[in-house]
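Trainee: Here the working numbering is used: the first residue of the sequence shown is 1, the next is one more, and so on.
One or more of the hints may lead you astray.
Below, in silico cross-link-like pairs of lysine to aspartate or glutamate (DMTMM-like), each with a Cα-Cα straight-line distance of 25 Å or less [what the hints assert, rightly or not]: (1) Lys164 with Asp179; (2) Lys104 with Glu125; (3) Lys382 with Glu614; (4) Lys406 with Glu390; (5) Lys104 with Glu213; (6) Lys440 with Glu460; (7) Lys406 with Asp485; (8) Lys104 with Glu89; (9) Lys88 with Asp103; (10) Lys406 with Glu486; (11) Lys104 with Glu116; (12) Lys165 with Asp143; (13) Lys382 with Glu463; (14) Lys675 with Glu299.
Hint data in this document are derived by calculation from the structure and do not stem from the laboratory. Here the structure is a predicted model, which means the values were calculated and not measured.
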Amino acid sequence: MGFLSGLRSRLTGSKHTLKEIDDETFDRAASIVEANGDDLTKENIREQAEHLLELEEVDEGEFRLGVVQDDTEQSLADRDIIAPRKLKEVSNFFESGYMIRNDKFVRTLTIHGYPERVPLGWLDELYTTNDHVRVTQHIQPRDTGSVLRKLQKRLTQLRARLHKKHEKSQTDTHEEEADRDMVQDLIWDIILGETKLFDFAIYIEVVADTEQELNEATERVVDSLSTANAEAVPLEKRQVESQDALGPLGDDSIKSTQLMQETAIGTMFPFIEPVITDPEGIFYGFDATDTPVILDRYELSSYSKAIAGTMGSGKTFAEKHEMYHRLMMDPEIEMLVLDPLADFVDFANDLGGQVIRFGGDNTVNPLEIQRGIDDAVDDPFKKKLRSVMELFRIHFSAVAEQSLSKEQEGILRRAVRLAYLQYGITEETTTHENTSPTIKDLLDILAEIADGGLPSEFLELHEDANDERVWPEIDQLETRFRDGDEQYAYQLLLGLEAFQKGGENDNLTGRTNVELDNRLVVIDMSMFSDTGQAPLFMHVMFDWIYQRAASDHDRRTQVTIDEAHYLLRREATTDMIDLFIRHSRHFNTAITLISQTVDEFIAQSDDQTKEAAEKARNVYNLCDIKQIFHHESVSNEMIDFHDLTPSEQTFLTTAQTGEDGGYSEFLLEVNEWSKPLALHVNNYEVSVLDDDLDPWEYLAENRYIDADDAGFLAAEDRLDEYEIPESVLEEVDLDEIDKELETDETVVEHADRERADVETEYHERDVSETVEASQGATAAADEGAEEPHEKGAEDSRAEAAEDRGDDLSTITGVGETYAGYLADAGVETVGELAVADIESLSEETSIPLTLLDEWADAASTMCEPETASGDASSTTEVTTDADD
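Please put together the full structure from these sequences, using the hints given.
Mentor: Set out below in structure tokens:
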């Protein structure tokens with residue numbers, strides 16, 4: 001039937017009698033009429049059947065005009081779609097029953113025994129399993145009045161039981177007393193509206209392709225629940241009946257319910273957070289569901305991170321882990337580490353990084369202004385002056401154990417300004433290209449002031465200085481000097497003796513000679529850890545790194561500062577860190593701050609001003625990533641700042657430490673979310689990141705490198721590039737390899753000499769033959785010879801071939817010595833060399849394979865027939881030249 005004719009028939013109507021309706025349609029129509037609650041009359045059944053027949057007549061893809069299914073029809077249609085085409089229950093005497101549904105093996109379980117107390121997400125493993133599992137929950141609220149009556153009855157029973165036991169002087173009343181107290185508390189919670197009670201049932205359906213897979217998956221589900229002290233059991237003899245409880249009908253015919261409070265039911269829900277897998281991220285650890293968290297700090301706003309944890313908690317290991325993987329992922333990144341305790345030194349050595357140690361010839365100039373520094377975020381000259389003054393405040397307060405007086409600080413500030421003016425450096429950024437002064441220049445100026453001199457009398461300008469620009473400023477500073485300034489300058493000189501040559505801080509007196517020539521640079525300041533100078537050198541190096549980052553944005557830089565509390569105690573240095581973090585995107589630089597407790601970031605210490613503490617707290621707040629490892633205790637400040645829940649507080653005080661186990665745990669907080677993680681790494685990474693282990697020993701013990709590898713490196717003269725363990729080197733005969741290398745060098749030198757001799761011989765022969773050919777051609781032309789040139793060329797080739805024959809020495813580089821070696825191996829002619837097995841020949845004769853390849857190619861070329869046209873052309877050219 002066409003579309004128009006079908007449409008016309010439906011519009012005009014077509015009556016069917018009951019005799020014209022088939023039995024199947026009649027039964028379906030009767031079911032619908034009965035489901036609708038209508039009378040089973042012939043007319044009602046006929047109308048419904050006619051409606052069904054109309055639906056069947058609609059072609060696929062055709063729209064239905066004026067045909068709307070009612071709710072009952074839609075329900076039956078949905079049932080036909082949802083209901084399985086095949087359902088069979090299998091019950092074994094010794095094994096749990098199951099069903100076969102649509103060729104799948106299915107088993108339904110329920111939780112029979114619940115634990116008394118459970119944490120949030122205790123069913124997460126069930127919801128995130130790789131097995132095919134469906135979970136259905138039935139939650140029905142209880143009437144408060146009836147619940148209270150039953151609880152009161154239960155409380156009366158418990159009191160009566162306790163009374164009888166007391167009368168009989170029985171002492172085993174602990175269980176009844178605990179139940180009595182629990183029921184009393186529950187009654188009061190319900191009366192006060194603090195909780196509600198529900199009937200709760202949970203059904204777990206496991207689906208598999210085979211009976212064996214079904215049994216294995218069932219066992220995994222039961223085991224996962226047993227770890228939470230919950231007992232899961234199959235529904236024996238009720239597998240088919242469980243389909244009603246599992247379907248979306250809200251009907252629970254099984255009724256395996258448990259009375260629960262709303263807080264307990266809340267722990268049953270699958271509140272699983274989205275998986276964090278940034279495309280360019282670093283693996284941070286596994287969450288409670290064993291899902292890996294892969295986070296990219298460079299996708300966040302500030303790039304910055306704070307790490308806190310007790311010694312041995314795993315915080316340093318975690319930072320090394322991120323650095324290690326970032327170095328592998330980003331071939332252009334540069335990493336700098338300020339390391340006051342030498343915790344990163346072995347790590348840098350293992351990865352071939354650069355370690356810069358102070359105490360030797362390394363010098364950094366604290367007064368240096370980096371060339372081309374970006375002044376978009378702050379005035380670089382004023383910032384440098386603040387940094388220099390803070391340097392001396394740190395020195396006097398921490399090392400000289402005194403603070404600068406206002407008079408001393410005024411003299412020092414003027415002396416610093418004069419030092420810069422001496423080199424022509426002012427607030428004008430173009431002058432920052434000039435040579436920077438040093439602390440020695442500053443000490444010389446203070447010495448002149450202490451002797452009563454004035455700047456106009458003793459100051460000699462550097463060649464970079466512009467006299468017209470700087471002298472007015474010098475004269476202005478000179479007007480601020482007063483009588484008595486000499487004694488303040490002298491006092492400053494006494495306090496700055498550590499910066500004199502040979503002093504403790506003379507590494508800060510000269511010009512910077514530190515060169516960074518590696519992607520991973522660790523600045524080791526451990527020699528100052530016991531001297532009280534660590535904060536001083538930390539300040540100097542951070543200022544130097546800050547200027548370096550601010551002046552070069554092309555390369556991504558990641559800065560790690562261990563024991564960051566040294567810097568956070570000082571207000572000026574904290575300002576610098578604050579500025580660094582705020583402009584991390586602009587500088588293309590990330591910063592990681594590591595300390596031992598969160599309180600060192602957010603709480604005021606005894607040696608810290610209130611302003612400095614507030615700035616440190618703000619710095620911590622600016623870090624988008626916070627990794628909090630094990631803490632001995634959790635302070636109120638820490639709880640308030642992070643809004644820690646009781647479970648999170650317990651987690652931090654009981655978190656696994658890397659020192660005590662094979663992994664470490666920490667709370668990861670990223671902006672608006674946080675979650676506990678466990679950092680697990682493979683054994684090789686542990687050997688790389690742990691200072692007490694040697695990655696090369698690990699490779700040797702697990703046979704990833706062996707004597708053959710060491711022998712190859714020795715033969716390539718590259719053994720010094722790697723730290724091969726002695727246990728491997730002992731298996732290598734290095735003396736024999738050295739002899740072979742000497743032999744190979746001798747062979748190559750001999751081959752080079754023979755090659756040069758042969759090339760010379762052939763060159764002389766070619767010149768001689770060319771001259772003779774030219775002379776012969778000229779003579780033939782003069783005598784009017786009629787013999788064609790082609791015949792002369794053929795004769796020349798035949799004569800050359802006869803002279804050359806099959807002698808191997810005719811090949812460039814093959815002299816008598818090599819020819820003898822080849823003859824001993826059975827190769828005596830050019831033709832035999834052309835078809836020889838080169839690799840076998842190299843092993844038999846000890847001639848390098850590269851030489852044999854060249855000789856074999858030459859032999860193949862010599863065996864190829866030469867074209868007459870080519871020779872004729874060559875002869876013609878010679879003849880033509882001769883004629884010319």
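Trainee: Each of the hints needs a verdict: does it hold here or not?
Mentor: Comparing the hints with the structure gives:
1. Lys164 with Asp179: 16 Å, holds
2. Lys104 with Glu125: 23 Å, holds
3. Lys382 with Glu614: Within the cut-off at roughly 23 Å; holds.
4. Lys406 with Glu390: Distance of about 14 Å is within 25 Å: holds.
5. Lys104 with Glu213: 11 Å, holds
6. Lys440 with Glu460: Cα-Cα ~14 Å, so holds.
7. Lys406 with Asp485: 12 Å, holds
8. Lys104 with Glu89: 12 Å, holds
9. Lys88 with Asp103: Answer holds: lysine 88 to aspartate 103 is near 10 Å, not above 25 Å.
10. Lys406 with Glu486: Satisfied, since the Cα-Cα distance of roughly 15 Å is no more than 25 Å.
11. Lys104 with Glu116: Violated. Lysine 104 to glutamate 116 sits at ~36 Å, over the 25 Å cutoff.
12. Lys165 with Asp143: 33 Å, violated
13. Lys382 with Glu463: 23 Å, holds
14. Lys675 with Glu299: 19 Å, holds
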